[in-house]
Amino acid sequence: MKLITQSRLHKSIPLGLIAILAACGGDDGSPGNPGEPGGPPASVITELNITVKDVAFDAGIATVNYRITNEEDEPVVGIPSATYLAAQLLPMGYTNAGNASQWQYFTSESCSDVCDGEFVDHKNGQYSYTFSGAFDGMNDVSFMPGGTQRVVIKIGGDSLPDGTALPITNQHYDWQDKGDTPAYTRNLIEMETCNSCHSDLAFHGSKYNEVETCVTCHNTDKVSNPDNVFAPMVHGKHLTGFPGSLADCQTCHAPDETLTENMNWARVPTMEACGSCHTDIDFPAGQGHPTQQDNSNCVACHNSDWTMSAHSQADTDAVLGQFSVEIVSASLNGTTVDLAVRLSNPATNEIYSDSADKLNFVNDLRVYANWGVSVDYTTRSAKSIKLQDITPISGSDGIFNYQITGLTVPAELEDDKGTLAIQGKLCSDDDMLANCADIDNTTNLKSSHQFFSASAITDVGRRVVVTNETCGSCHGDQELNYHGSRNDLEGQCQVCHNPNMQAEASAANPSASTADYKHLAHTLHAGSRESYPDINYPANIGNCAQCHTEDASGVLTAALPLNSAVQPLAFDDGSFTSPTSAICSACHTSDTSKSHMTQQGGVFNGTEADATSGTESCATCHGQGASVDVLAVHPIK
Amino acid sequence: MMKSIQFHINKPLQLSLIALAVSASITSVHATGYGVQNANRDKAKVEKWECKRCVTTSGFNGSVGIGAAYNDAGDIHFGNTTGTDTDGAVGHIEADLNYQSENGYQTTITADKLGYDTGSAAIETGRRGQYSIALGYRGLANYDTNAALTPYMNSGDQLFLPDDWQAGATTGQMSNLNDDISDTALKTQRDRFLLEADYKGSFYKADINYQHEKREGKRTFSGNLLTNSAMLAQPIDDTTDEFGAKIYFNGKGWLVGIDSSFSQYKNDHQAVNWESAFTPTFGAAYAGQSAAAPDNKAYRVGANAQLNGNGHQVLMNLSVASFTQDQAFLPATINGPSPALPTSSLDGQVDTTDMKLKYSGRPLRGLSVRARYDYSDRDNKTALNAYPQVITDSYYAGTAVNPEYDRTKQLVDVGAKYRFNRSIYVDGGYRYDHNDYSDLDRDSLQQNSLYAKLNYRISPAWSAWLKAEASDRTGSTYKAVTTTSSPSNPYLRKSYLADRQRQEYKLNVAYSGSAAFSASANLHASYDDYNDTEIGLTRVDTQGYDISANYMISENFNLNAYLNQDWRDSDQAGSSNFGLANWYANTDEQSTLVGAGLTYQNLLDSKLNLGLDYSYADGQSDTNVIQGITSPYGDYFSEKHNINAFAKYQLAEKMALRFDWIFENYKDSDWLNQGLSVDSIPNVLTFGDLSHDYNAHYFGLTFSYQM
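Chains as they are written, first to last, in our numbering: chain G, 1 to 637; chain F, 1 to 707.
Keep in mind that a hint or two might mislead.
Partner residues aside, some chain G positions facing chain F, computed with beta carbon under 7 Å [what the hints assert, rightly or not]: (1) A437; (2) T598; (3) G601.
Computed beta-carbon distance windows for the label pairs [claimed, not checked]: (4) T474(F) to V223(G): 49 to 59 Å; (5) P145(G) to S575(F): 15 to 25 Å; (6) E118(G) to N586(F): 50 to 60 Å; (7) N586(F) to D58(G): 26 to 36 Å; (8) M308(G) to L507(F): 53 to 63 Å.
To be clear, the hints were calculated from the coordinates, so they are not data collected in a lab.
Backbone N, C-alpha and C fix where the C-beta goes; we use that ideal spot for every residue, glycine too.
One chain only, chain F, in its complex shape (with noise of 0.2 Å):
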């Protein structure tokens, strides 16, 4: 049951509004369209099912624990590790309880790490297979860095410097900034709270859930005012509420249902405002004000509907949402008279509109077809208006339209799969992906492309499938758009819009011979060619594999490895002077992971488990900028080894003692900020050098009592 629960990551607004609504139908319709219970079991025995070896037990069963650790957190990016950043001793609690009564009700409990901020627990009832309710807690936690350097505080919206600070031009004529600067830490810390309910009856289930997530923290956010800049650290206190409901209805044969869902984001921050560390650049702008993200709303309803019969499968989405936001405006600046803005506020509102349409049949044994459509349309309703520009709250620059960025997406997928005996299939198709905008340089882009795989059996230990797909993307006449203050060089394309031609191949092959030893290995390739850029990206080039194998030496002893690289090449074209190409950057981009994990369980008597895994990661970007002469950039990588062992004995019949040892060897370097100080640059006054570099231990120890 916790896994329907979605523990969405909420990234800002409107993407985790449309991934809830982009999940929330596939699990749907996945769920109840693929689903076991929509097996025809007209014809199955089902009382021949029923396990005669099971034992319904009733009571209570399960463990609790209690734990204590010791935690190196001088810098709390290993906390993304461990899953919190006290430096020192650290307490939590762990369950997984299970009570079941006789007559079919079920009760569990169960907690992991609570007390760290990455704590969980949940409290599930219910009756299997009828209803449930489900009550749950979440902490999820990302530590960039401890030792941001600024001179800043924050009280509520505000960022405000010491008394005694020292303005200047520069940040070198800032007198006070060595004394004045301290310590601050980048971090967000979020709290979730779920609710769900489901209730499922003879031709109907009905769900309801919502979710409450508290985020707090704070984030890099970028201050400028004309060309002086401060590095600021951000406030960040807000909530998300969602709430879902969805009821489904099936017979044989057929299934429709209703979703629909509701969101709501609160910001308790309406704006950063803050002191300029620099002397005004001219005029009198003291301080700068930003507006902080608004307060907004989702609204959400969904129509599904399922048909299948005689092999053919027709399955019909539509979905309306309704995203707004009428925050009050803050004025144009706060740096003298703010010109007049046209509304007090955006009262904006975007409709979308999302179809799916799939069939799916089988006309002839060995042969399946299919066809989808997807229709989905963004129709931005806010009213138009000419907004007043000035310019990082210093200057007026005239006013601008605030651009629509309409966009109406179709998509066509015709395809068809055909076996031609036990061992080997085909499947191949056809994708048409069209997309009208506005706004943008393009008015419209089209994707052909073209896809295949085959799937080889090639003995019972033995299998492979090859994929491949080329796509050729075009569009209409590109037209850079008039709307930047500064044209952009004619021959720009940007990435996104340009005509491209990509090909991607996958192999894939798996050994699962022996119930001892199994290994699999894929190789993945793509080729993106953007044919028609004299400026822009010219080019990307992706290669990898993947190679991980497991092996059961005995029962209790296992051992697995996996092997993963990736690199990534794209090169780009540029100009210094409005005309064709005469600067190329090529960036080569490369990651490895590698690790290698054991488990040697009941040793000792079936008293001791063992278990260790070891792992490196290893992530870095290489740029070279070409005019002529190759200037590569400085470093951009992170490297991590990290060992995670732990140690389970058991120390009477229903007591057991744990011992967790993590030890993490990290570094990353960022060439943005390496090696810099607070005032390395004259006109950005920085955080300075944010690279990690640490050995950090974790030592815990959980007593758990089995019930």
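Next comes chain G alone, as it looks inside the complex (with noise of 0.2 Å):
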């Protein structure tokens, strides 16, 4: 259809600048090749583009035209294979009153030394493909004329006849039959929000790599269990291991104004949908929820604002916005950190003028110190006060002041620094702060942490390795709570779970049996700890990028040498292994890397002494910029 429009253009045209030429009585006005420049063709290869040009529709059956070109815009010539897909929309409430917009698939073609339809390679980076036939009756499905079409491109996974890999390239392209762009889509969400947790995300061979492309077959009309429909597979599939909140939609729906159908999440409520996840309702039957037969009721009562609501994070926002607690002062007394913390409503900017333990509505509030950042901390016990507990030492304006005594500072690092960690929970009645005696409900703080010096507070301390924006990007600002309301991943965590934690002599992976931050952290996400059988790391565990941040100058910080502070794997049996092999070994588990480690200076299992005396040599090879970069080697996106 949209051929037949240009070609009207094209008759139409002309016929307006006959009219001119005639009166210039020059050109004989034979068109020029509408098609685009080819230009050379592109000799190197990182990235495939496909620019659908249209699809015509002549007798029922479709032609798309699209152009292959590289990173640079060269056109892409001989391309051996592709698979082409079709799939029609039904726009929201078609099927019935309150139904979700449903894909309806039509068909999968491939092309490679055998074409289900017609592929014409155009020598010019433009290609062309016909379908085998018309899309009405394929799959038992009608066509709907004016209904929103797509057809997926997926190139890639093989080689141009000179040897060049193609990257696997899925591209989609919407269109209708009875004008130019679609009436009506079901754009929910961007592959990236999937990939921000995921990497890079791929499914059947990783031949499938966009949303686009999963939703053309995952439907009622392709798939037979209903399980496996998009939304309901998808949510099913989050339910277990979900790594931050299930309650917040807005993880995976994340607000875009850029995608129209965005806010579905709150606005078409269907039981596919929210069953998927409220699975211990069945509508229908009315158990769980009163008697559903259909979509048709649902917004009666779920309305955008309830279901926003009822899913979103804002109460805990509104209530965590009437508290604040900092630290403003803190130094060390020999073995003693003096410290002031400043209670504040930012609401309404006004200081709390009661201390922690008079304010009814502080169900928990504490302090842990440590020392000796340089060392990773001189213990794994760090001392800590409960403010709702103790009455400060004296305070007021807001500032209270307090004091954390036997810390453990040995006389060579007087002169470090140490940590402070707050963590603590809020008795809440949904956006309000309330009293403790009347309710049960809590609020998590958001942990944080503050650097001190034996003078006074720091902004640097211990090294920055992960933050809570990288932790977050799986497992959300925070939510992630551990021993009830630690959630400060960057900094707090870190304070216990330090070299001062052993591993098993017995372990078969020692990294797996220590609770030391790091190790604790990768043989977690690794999946290879007994106490966590079940995680299933959602995206490639090489991609070090997903949780390591950069350090100040742009090197990322899973890259050799370690930092100094870094300690060796302690055992409980009092050996050791040394660090950067302790680390490696975590994941690198095989003999062959144990014996490659230790030909290369790595000590496992050794004495102190050994495992600290620097005989590893891995950053010869492995270190920031040398052949075999970490970095390079891991598949960091």
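Two independent chains are provided; combine them into the complex using the hints.
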């Protein structure tokens, strides 16, 4: 249809032109080549771009015309194979009142040596593919005039005749037969939202890597199991092991004004979508929810405001917005740290004139202290105080003074620095702080940490290799709580989870037996800890950048050599493994790897003196910028 | 005289009261302002007007009649044509009697179809030109259906279910439903009694009237509990009393008058109270209750004055009215403890003030000018309170304050008419309409209109006129109200408040060239463009024409025919994602009315009169919703063929027998209930399919005796 429109243009414009040209009495008016300039073919390909020019629709048979280029916009000629998917979208409410819009699969056709349809390589980067027949009736689906249609082209995974490898690339194109642009879409989510945690999601032999591709097949007209329809399938798959708050729909349905249907999660409640998380409900049977035979009534009660409010973090944010605790001063006196905290209400910009033990909404408010950031802390038993239980030494105007005693401060580390970490819970009722005597509900504070020296608080302290932001790419913004309310994954956990914790000498993978933070984090995510057998890391575990942040000079903190503060791995039998070997062997567990490390100076279960003697020569080859830099050999995105 | 007795259609409450106020003021001004009695008769030689051929008769004349008929009321909808829903034999009385005394007293007695639901009777006595007293009765009936299926029975305010009722979460689970349903009729019957007296003195005229109307019947009510709903036959038993009085004084070049009215509405029902056919969605909502229309009163008093002389005329009208109701509130819910209400009754009062000023004058020969100013104010004086909201008797949803919906409307109209010669005149003017509102999405609306008419008498036989009007409506900033529980799409413009450009055209051509044949035709079209609306009604176009002709073939044989067709196309834009338009609806409506009739008198030695009328009426509405894919709504139409024939045979000098035959073929359907059974919709217990499709006959014989 689009072609027809264009040919009409060709016919009508020249009429006007002819009139003008006739007056000039010149040109014969023969049309030039309407194709795009070919240019020299691409020689280097790291990225493929597919640009669909149009879908011509003739007698019900679609021909998709497209162009393939590399990252330099140079045409790519000779693509050896491709897969073409076609589907149609029924609008919201079309199948019944209240129903979501619904994809209907037509066909999947492919081309390599033989083609289901007709494939033309125009040898200038332009390609055409004509489907094997009319969509109408394919897969028992009627073609809907005026409906939104989708064609997906998948190429790559093989090579050009000259051997140039082609990256797998999916491209979709939505069109309709009665006008220029589709009248409606189902643009709910961007693939990059999925990839914020999954980094590089792909399925079915890595062939399909765009959400727009998935939905063309994962619909009721293609999959036989309703649990494999896209929305229920994706919801269901995330139900177990989800690393963040499942209640926050916007973790995946991230706000995005460019997606017209982005708010469907709140605006189009259906049994299928809602029921795939609320699995204790059987709507038609009236179990767990009053009986509903179809989706026509859902929105009568669950309007978008209600749904957003029920799944929103707004109440939590509002409660947290009413209380702030910060350490405003700290200093070390022997083994005692003197500190002052400031309590305020950011919502009103007022201070709390009462100390924490007198504020009736404070359920729990603790400060932990440890010393010695240059050696990743001097003890695994950080000292703490509970502010809700003790009277401050002194204080007024919202600033209250406390002491934490009994820090471990070796003489050689007196000039080092320490860390104070804060955690707590506030009693709350909906979006307001509430008296703990009246209500059981609590809201966790966002934990925080503050470095300090012997004389003052400082900005710099323990090295920062992961941040709450990088952790939050999967776990949400400090939404992952351990031990009740500890959620500052960047600087709080390490105060206790430090090298003073020991691995089991008998463990197959010693790193998986210690709670030292780096080993804990690596082995936990790799799924190698016995206590967390169900961990199914959602992305490529080799992508260090999913968790590690960059240092001040822009180098990923997973790089070698290690920071000097990193200590060897201590075992419960008194032996030690040298730091780099300990870290690498957490994932690279094979005997071959271990032999390689040992050959290059790594010490496994040696004496502390050997393990800290600096014999490891890993950085020579694997150091930053070296030939097999760990940053280069890992699939870092 | 009977003409001036107002037979108001008593639509609910304020509307009828307003209609009374408006019609009373209009009729009085027109009747006394432009009436013949105000013509300058000083120079007229009225004695020469005396009818020398008129013979003053005294005593009785007229006729009485008695009739019997067979009426096929298998579908009571046919009663809208025949005036009765009695199935089978039905009788009626007719009368048209006049008694005149020699000294000018006159009494008339009329009866029309008395005995039918829509029968009427009146007796009027008085002295022509001096006083009259009239007593009247009129029945009005509306028949919707006798096939509404419902398991409910009613007693007083209560609608209850059979003892063996099996409630279900959905209609499909109501296991006794099909055994428990029975046919229920939805119809209303109104009996209206009138008493009117007027007296005309030398320089004044007084008139009092009283009307009592009793209404009975049943209508559809929707009983909602959360997302479940049942269609209920709500009983109607109410009365309306209206009392009016006016007095006018007039002299040379002036007229002043006062008219007043009082109206009172009383409802025998306080509430609709129904048992739920559904199991409660949650909680214990086993029954629902909704208030019925409250008893209310209205008072109105108006003053009119008119001055004229030297070609100038000034009309003034001022009226104030007050509408009140203080019926005790029902509790906010009957399911569980009701939250406390802020007051025990609304104690509602709305006052209105209406003022009209009109001037017309003729400064030059052939030129007349006019100007008009109207002021109308609605002031809701009801106290504002926060009322608890218990949504469909199920859950508490905070409070809401009663909105005032105050409104002030001002209208200025200036115009002139210029007559070029005997055959051509033009008339044109400008109108400004200004409205101020409270509690709506716009605080004010203004409309500017220009209109013109060209009248051309082409020849003594042919005349034509063309009218055109263009108006432009705009208003203050559109701010969607925040008092609704869900916010409006920010692009939505409600059609009654939206910017609008309107054009209207009318063309009329008439022929009256011969005594035997006359005809007229008119064409009309209007175009409404809601030019600033992204979401909402965007366009309404109407077109139509009427043609009618009358041909008197002979003194006894007359033919007439008419044809009317109208089209109305409207476009609407909507959004399913709370953004700009992504779906569109167009609704094409059309109606056709065709008819032809003949009367043939004085056949068979002047003993037989025949009449035959046929009419065909068809109305339909087709809606397409387009979101890429076009989805048509179902049928929505009505179609009627009607034949109405009579033969009246003069049996003897004073006796006549009339035979009537009415045949009707009627079909209608509405996709809202087309093809539905009572349990088709899981959460709505419906009346089933309310479509009509019937052929019905009425045969009547009436014997009349000439006095």
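Verification of the supplied hints:
Because the smallest distance between the Cβ of A437(G) and any Cβ of chain F comes to about 26 Å, over 7 Å, the interface hint for this residue is violated. With a least beta-carbon distance of about 62 Å to chain F, the hint placing T598(G) at the interface is violated under the 7 Å criterion. Annotation: interface hint on G601(G) violated; nearest CB of chain F at approximately 62 Å, more than 7 Å. Checked against the given bound of 49 to 59 Å, the beta carbons of T474(F) and V223(G), roughly 54 Å apart, stay inside it.
Between P145(G) and S575(F) the CB atoms are about 22 Å apart, so this pair conforms to the stated range of 15 to 25 Å. Separation of E118(G) from N586(F) is about 40 Å and departs from the stated range, judged on CB atoms against 50 to 60 Å. About 29 Å separates the C-beta atoms of N586(F) and D58(G), a value consistent with the hinted range of 26 to 36 Å. A hinted range of 53 to 63 Å holds for the C-beta pair M308(G) and L507(F), which are about 56 Å apart.
Consistency note: the structure conflicts with the earlier hints numbered 1, 2, 3 and 6.
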